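Chains V and F supply the protein sequences, listed in that same order. Just so we're aligned: the first sequence equals residues 1 to 390 in our numbering. Just so we're aligned: the second sequence equals residues 391 to 777 in our numbering.
Incorrect hints may have been included.
To be verified - A few chain F positions that, by computed beta-carbon distances, are all more than 10 Å from chain V:
{"id": "1", "residue": "498"}
{"id": "2", "residue": "533"}
{"id": "3", "residue": "600"}
{"id": "4", "residue": "645"}
{"id": "5", "residue": "684"}
{"id": "6", "residue": "710"}
Said to hold, decoys possible - In silico BS3-like cross-links for lysine-lysine, where the CA-CA straight-line distance does not exceed 30 Å:
{"id": "7", "chain 1": "V", "residue 1": "181", "chain 2": "V", "residue 2": "232"}
{"id": "8", "chain 1": "V", "residue 1": "238", "chain 2": "F", "residue 2": "498"}
{"id": "9", "chain 1": "V", "residue 1": "310", "chain 2": "F", "residue 2": "643"}
No wet-lab data here; the hints were simulated from the structure. Note that the structure is predicted; figures quoted are calculated from it, not measured. The C-beta atom is built at its ideal place from N, Cα and C for all residues, glycine as well.
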Amino acid sequence: MDLELSKEDLAFRDGLREVFLGAVPEDVRRRTALGETTREDIVTSQRILNEHGLAVPHWPQEWGGRGWSPTQSHLYSSELQRAGVPQPLAFNVSMVGPIIAEFGSEEQKRTFLPATANLDIWWSQGFSEPEAGSDLAGLRTTARRDGDQYVLNGQKTWTTLGQYGDWMFVLARTDPDAPRKQQGLSFLLLDLNTPGIERRPIKLIDGSAEVNEFFFDEVRIPAENLVGEENKGWSYAKFLLGNERNGIAQVGTGQRIYADLAAASGAIPTEDGLLGHDPQFRTALHTAKTTLLALEATQLRVTAASENGKASPVSSLLKMEGTQALQELIKLRMRAAGSDGMLTGTGEQVRAGDAASVAATQYLNQRKLSIFGGSNEIQRGVIAKTILGL
Amino acid sequence: MNLELNEDQRLLFETVDQAVGRGYANGGRAGATGTELGWSDQVWQTLGELGLTGLTVSADHDGAGAGPVEVYASLEAMGKHAAAEPLLDGVFLPSWLIAGLGTDDQVKQLLPVLAAGGATIAVAHAEPGRPWGLAPTVTAAADGSLTGVKSPVRGADQADKFLVTAVDDAGETGVYLVEATAEGITRADGRAADWGHTSQVEFVGTPATRLGSAEADAAAALRSAFARARVAVTGEAIGLMETGLAMTVEYLKTRKQFGVPLATFQVLVHRAVDVYARVELARSMALWATAAVEAHDNGGEVDLAATADDAFVFVCDAATAVAEEIIQLHGGIGMTYESEVAHHAARLIAITESFGGVSSARRRAVASESLLRAPSALLNNADAVTA
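For reference, chain V alone in the conformation it holds in the complex (with noise of 0.2 Å):
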């Protein structure tokens, strides 16, 4: 056994640190490491790390991808956490583009893949419905073929971070008479600009507005649009659920908050001196930190697996486990707060930037985690029938 990275890897590592905290801006990471990211510093962080080679390191190669060993991907992951760097727009470095790369056309691939790298496009992800969450399969809207367009009819829900959409991928049913409702689904491209839509922000339990829903009366896609082949959209949308799922426990983002939380509690005074010596902080602490020890230990394992060409099914773990711990810690950082927590929303008069007046609204935030991405009971019927065979 060896609990050591390599020289080489320690020196891939110190390359990536030097963009990660010498290139993106500090007050970016800062807000980001509140949860407090702006659309400006994802645009402007993604824009510095493509501008290094780092924006889709696991895109291929003639796409900017740069063929990393699983070590130096979790490397990147990790570090990236760690830095407070904000994660490159998942919907365009993870979803849309290894789909474009992998099943576009040329045409597709030379119109969107640079702009989607460099986030001068904006992509935002249309497959939930109200109807269709966890059982996407049976979403609803649809997709006419008139002549060479599309028409889209229907309704598209939880879109994260759609009010600043440029794009859109779209799932959407194509042959509504398939025997299976998984067939008939096409992957569309939709200019959120076409006529006949309408976008309408969810108030969420925090007060941000994070997530959108999405109305399609009519609207019209070039049939060229459409990626791949029509009516094979199920398969795109899979290979995505088989995709990178690299840093998905998010030790690093733990760690973050970790360090953060640890070093304040030097400071936060209780009636019998520091929250730093205080027995139940510190017990909560100390299950934190063994928590992130074992999903650390359990991503190097999964790592060092995937070194020697071995799949792992733990995936589902790590995003099970991994959410759970995170929200945990952030709760540990709003009992931390105490009623620091409770004034919010003051601007910039009161402790604006202070990691006590956002830690219970990201409390509030951050229930996402373990309902998002699919949800954590979906994840354990993942590992029932995929490990446990029941």
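Keeping the supplied structure of chain V fixed, place chain F upon it in accordance with the hints.
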């Protein structure tokens, strides 16, 4: 970076697995602990022949000189069958203590006997009603003779010798070697929750020899040996949990209620998945701690005691949850002495109170200075979080 067993270590796991599996084919842990020995003589003989009793003893003293990963592999295999043979308590732990503290003569005299499987030595530190971390109340007189009570002492009824912690006239904690047949010993034999033979042992002016010289740091040697034991026992816990999970999954598939298999009920399936998740994370933790001990032994900068406490606490919390769930998911069957799963659960619970127990380990870990630094599993990547 690598957290898996290599081929030889995997082979060691399989060898022990097969040896114990054969010996436990009829009767399992219940059969073994029900004998006068408290374990299976056949399995013990085989383990000795395979060199397992010499695993932790250096080659100079007729052992294999193997490291923490081999200890992990063998104990995971033992745990898989809920084996009761005293490899860890009666051989590995005393071997670490003797190697760490003993004089050259003592090491030469004691280790080869342990390695050959010719004797077990019971380490007696716990005292009734007394926290693990406090100095013992057993006293060592100027002539070395011991007076006081130790309890619980695992495997005391079969031990050839005891290693007893005691305080001398100067108030220093030391470790004392006592022959099991020495005068002034009264044993009250009972059992632990896992049916392992366990005793209260009272010493009254019992002749004893100090282990190591009077100048040697016995407290440090004890800390180190018990830290190794805490890491080692996490390996056994993984084997126990893995089998407990497998038995539970099988039970959910085959046991019918309301005319359908239990696996039809999602509430039970999801609970089994949570058991799986606990086991898998605990396995990562145990492997990580094992690798850290190996790095320590190779000269790396590793805080052995703190690593052991972190891993022990995490794995014991998992062990408790898994023990509770595998009983619950078996329903009434899981409560019976006849069921194998009950013995796995009972042994898991006993592990949580071994070597000072989980509460004591948690108190040390919570008080540790390193708590306020962000954790990092990789040893040379600890400066990970920069503002």
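Right, here's what the structure says about each hint:
no., hint, result
1, 498, "31 Å, holds"
2, 533, "44 Å, holds"
3, 600, "36 Å, holds"
4, 645, "12 Å, holds"
5, 684, "6 Å, violated"
6, 710, "13 Å, holds"
7, 181(V) <-> 232(V), "12 Å, holds"
8, 238(V) <-> 498(F), "64 Å, violated"
9, 310(V) <-> 643(F), "28 Å, holds"
Of the numbered hints listed earlier, those contradicted by the structure are 5, 8.
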